[in-house]
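Engineer: With these hints in hand, go ahead and build the complete structure from the sequences.
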Amino acid sequence: MNAREEILGRVRTALADVTELDPVADVPVAWEYGRATAMADVLARFVETTEDYKATVVRAPAGDVPARIAELLAGAGVATAVLPSGLDDAWRAAIAASGVSVLDDEPQLSRAELDRIDAVVTASAVGIAETGTIVLDHAADQGRRALTLVPDTHLVVVRADQVVSDVAEAVARLAPAVTDGAPLTWISGPSATSDIELSRVEGVHGPRTLLVILSE
Amino acid sequence: MTADAQRRTPAPPAGTYLGMPKFQKNAKPALANEQLRKNLRHATGTIRAKRVARVSEVPEWEELRRAGEAIKNRTLRHLDTYLVQLEESLVRAGATVHWARDAAEANRIVVGLVQAKGVDEVVKVKSMATQEIELNEALEEAGIAAWETDLAELIVQLGHDRPSHILVPAIHRNRSEVREIFLREMKRYGTAAPEDITDDPAELAGAARRHLREKFLRARVAVSGANFAIAETGTLVVVESEGNGRMCLTLPETLISVVGIEKVLPTTADLEVYLRLLPRSSTGERMNPYTSMWTGVTPGDGPQEVHVVLVDNGRTNALADPLGRPALRCIRCSACLNICPVYERVGGHAYGSVYPGPIGAVLNPQLRGISHEIDQSLPYASTLCGACFDVCPVRIPIPDMLVHLRKEVADHKKGTPRVEPTAMALAGWVLSDRRHFELAQRAAGLAARVLPHTTHLGPMPWPASPWTRARDLPMPPPESFRSWWRKNREEGR
Ligand code: SF4
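So the sequence lines, in the order shown, correspond to chains A and B. Take the first sequence: its letter number 176 is residue 176 in my numbering, and every next letter is one higher. For my numbering, add 1000 to where a residue sits in the second sequence, where the first one is 1.
Hints are computed from structural coordinates only; laboratory data are not their basis. Glycine included, C-beta positions come from ideal geometry on N, C-alpha and C. Hints are supplied without guarantee of correctness; some may be wrong.
[What the hints assert, rightly or not] Among the chain B residues that face chain A by a calculated CB cut under 8 angstroms, a handful are: (1) Ala1070; (2) Thr1235; (3) His1404.
[What the hints assert, rightly or not] Computed cross-link-like contacts, DMTMM-like style, restricted to lysine to aspartate or glutamate with a CA-CA straight-line distance of at most 20 angstroms: (4) Lys1050/B with Asp41/A; (5) Lys1050/B with Asp52/A; (6) Lys54/A with Asp1102/B.
[Claimed, not checked] Which chain A residues face chain B? A few, computed with CB under 10 angstroms, are given here: (7) Thr13; (8) Leu15; (9) Tyr33; (10) Val42; (11) Arg59; (12) Arg159; (13) Ile187; (14) Thr193; (15) Ser215.
Structural biologist: This is the structure:
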């Protein structure tokens, strides 16, 4: 018998006591999926929890976003930035005009090339107020996963209408992308570790600087 | 040294887990090690306080725990259905699925896949399943270097050591020990630590970043585990902090994920429950820094060759015992370790497994059976205080399961010509019921007051004393452990 048949056989033998064949009828789950968590001000909470992780958060009217991007990059001392192909044209123009040298990922940059780039600028898919989380679904305005991983600074723009109250609402919004096969990256603050005496240190392998613009 | 020189990676300590003596014997040197106990007390205390702060922010926590329990029960009671569905989804998404009956088979599969790529090294994301099957040593034997990339795992690997905690495997090391390990070992396996490095955790993390970056940039194959595997879509989920997981899951061309069969969840929607339960219970954060989800192969993004190895390795044993089945709900958050008074005093190494603490005490005897001394002793590595159940995000009734396993061990030993079973049967009375246990403990507290100069006494007086006398445990405080606990540790509830 091959391993697959044998393991499935063992599972079926082990579950001889289970007589109801419909999993949903057999074990009811008393949980209402996708509910919002009540909170006074979703956007204010998002800013507060994201800053809690030592990320920089700036609120800006949509029209000011290109200027804010240029300012934040300059403030972080960024000289080179990689931009995903689908990034907003106005943002791209503002970055180029600010003197940052802009790289594209077409053809795909090698790992070593990405490692020499200071920053990446992207849009996002969802923001989560309760946990200070930003989720990327790696659509064209966010680029493939390596782009937002190897450069040491990540500037990400979250639109106000993308911010939801909590994880449940976020999973509900993201489920179609998952079904389509898109990878997801959930980011809560910069890379961090608590492995040495449980004291939190920001910055291990992922981007050590996370800059967030909340576009309203 | 000579043997070490031929190795690709630092040698772990000699000996095997199953060859270890019983828990009570392993616990002795740990109890005598002041530094270890100090490190553990500090670390578990810190993490307990963080957990309780984050859990108390969620008013519907109990409702969430019950949902976490029910979804896992549904999955486990229909595991065959969900495994077949998971396999179909993975194949549809371009992944190759392998099945492994035991550790040896899983290791053979992974070694074969790595050899087929013609490489002699892999980067690894922290994974309990690969530790359980001792994959690193199997790779080493095949001449393949497996580089651990999680900071704590790196400390353990470079320290020629074993993990002692699920979440923070180097919890038994303090910062100055970490500094010494990095200074001594990093240069032997890649980028050296700076000679003038201090014991500041930020500097130590910086050294790890530089040491591992060259490995991330060149690795062609990565090995991971998965926290969850979604049957409906074939999506795998890895929850982490440092970004080493993202590096491994994204940069290499080939990704091999070793996944225990109990990790499956029915739907993507179910993640909303576990992504709220897990980070608050484990690191005491609202959300861990990074969570990665991927579904087979994504054209133009990440590994273009994706393998998933579904591992049994004793899980179907646990599944077959309806009283043991709940242990398979475990999401490896480690909250039960951090709250456990026994773990806090002896640390993880005494448990003789990669799964220490309360969950290890119930899981190991089920996964491995109870024919070895270490596994026979584990159900007794507990005071049955009940704190582990209270903090468990999926409501695993660990104390009840320990009592059940104690009976199994006692039955198994019946007929063995040893003194212990008799005392064990007596101890059984004390241990069979939490009220009996408290009674016995109160009596022991009384004895402590009557005999103030006695420093060591079994926590259980007659009729259990013939068994506990040999245990050499510290004299209990005048108030019973549980009443002391209630006063001092209500924080965790
Ligand atoms: S048994 Fe419960 S508390 Fe312990 S690690 Fe598993 S899920 Fe966490």
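Engineer: Compare the distance between the alpha carbons of Lys1050/B and Asp41/A with 20 angstroms, and conclude whether the hinted pair is satisfied.
Structural biologist: Not satisfied, since the Cα-Cα distance of roughly 25 angstroms exceeds 20 angstroms.
Engineer: For the hint on Ile187/A, just tell me whether its beta-carbon gets within less than 10 angstroms of chain B.
Structural biologist: holds (6 angstroms)
Engineer: Given Val42/A as an interface hint, is its Cβ closer than 10 angstroms to any Cβ of chain B?
Structural biologist: violated (15 angstroms)
Engineer: Once the shortest beta carbon distance from Arg59/A to chain B is found, is it less than 10 angstroms?
Structural biologist: Status violated, d = 20 angstroms.
Engineer: Per the CB criterion, is His1404/B less than 8 angstroms away from chain A?
Structural biologist: Violated, because the Cβ-Cβ distance from His1404/B to chain A comes to roughly 16 angstroms (cut-off 8 angstroms).
Engineer: Can the hint on Leu15/A be confirmed by a CB-to-CB distance to chain B that is less than 10 angstroms?
Structural biologist: With a closest approach of 6 angstroms, the Leu15/A hint holds.
Engineer: If you take the shortest Cβ to Cβ gap from Thr13/A to chain B, is it below 10 angstroms?
Structural biologist: This hint holds: Thr13/A lies near chain B, its Cβ roughly 7 angstroms from the closest one there, short of 10 angstroms.
Engineer: Run the distance test for Lys54/A versus Asp1102/B: straight-line Cα separation, threshold 20 angstroms.
Structural biologist: Answer violated: Lys54/A to Asp1102/B is near 44 angstroms, above 20 angstroms.
Engineer: Let's test the interface hint: is any C-beta of chain B closer than 10 angstroms to that of Tyr33/A?
Structural biologist: Result: holds, 5 angstroms to nearest chain B Cβ.
Engineer: Regarding the hint that Arg159/A lies at the interface with chain B, is the smallest CB-CB distance below 10 angstroms?
Structural biologist: Violated: closest Cβ of chain B sits about 20 angstroms from Arg159/A, beyond 10 angstroms.
Engineer: Was the hint right that Thr1235/B lines chain A, CB cutoff 8 angstroms?
Structural biologist: holds (6 angstroms)
Engineer: Using the nearest Cβ pair, does Thr193/A come within less than 10 angstroms of chain B?
Structural biologist: Check passed: Cβ of Thr193/A comes within 5 angstroms of chain B, closer than 10 angstroms.
Checked against the numbered hints given earlier, the structure breaks hints 3, 4, 6, 10, 11, 12, 15 and satisfies all the rest.
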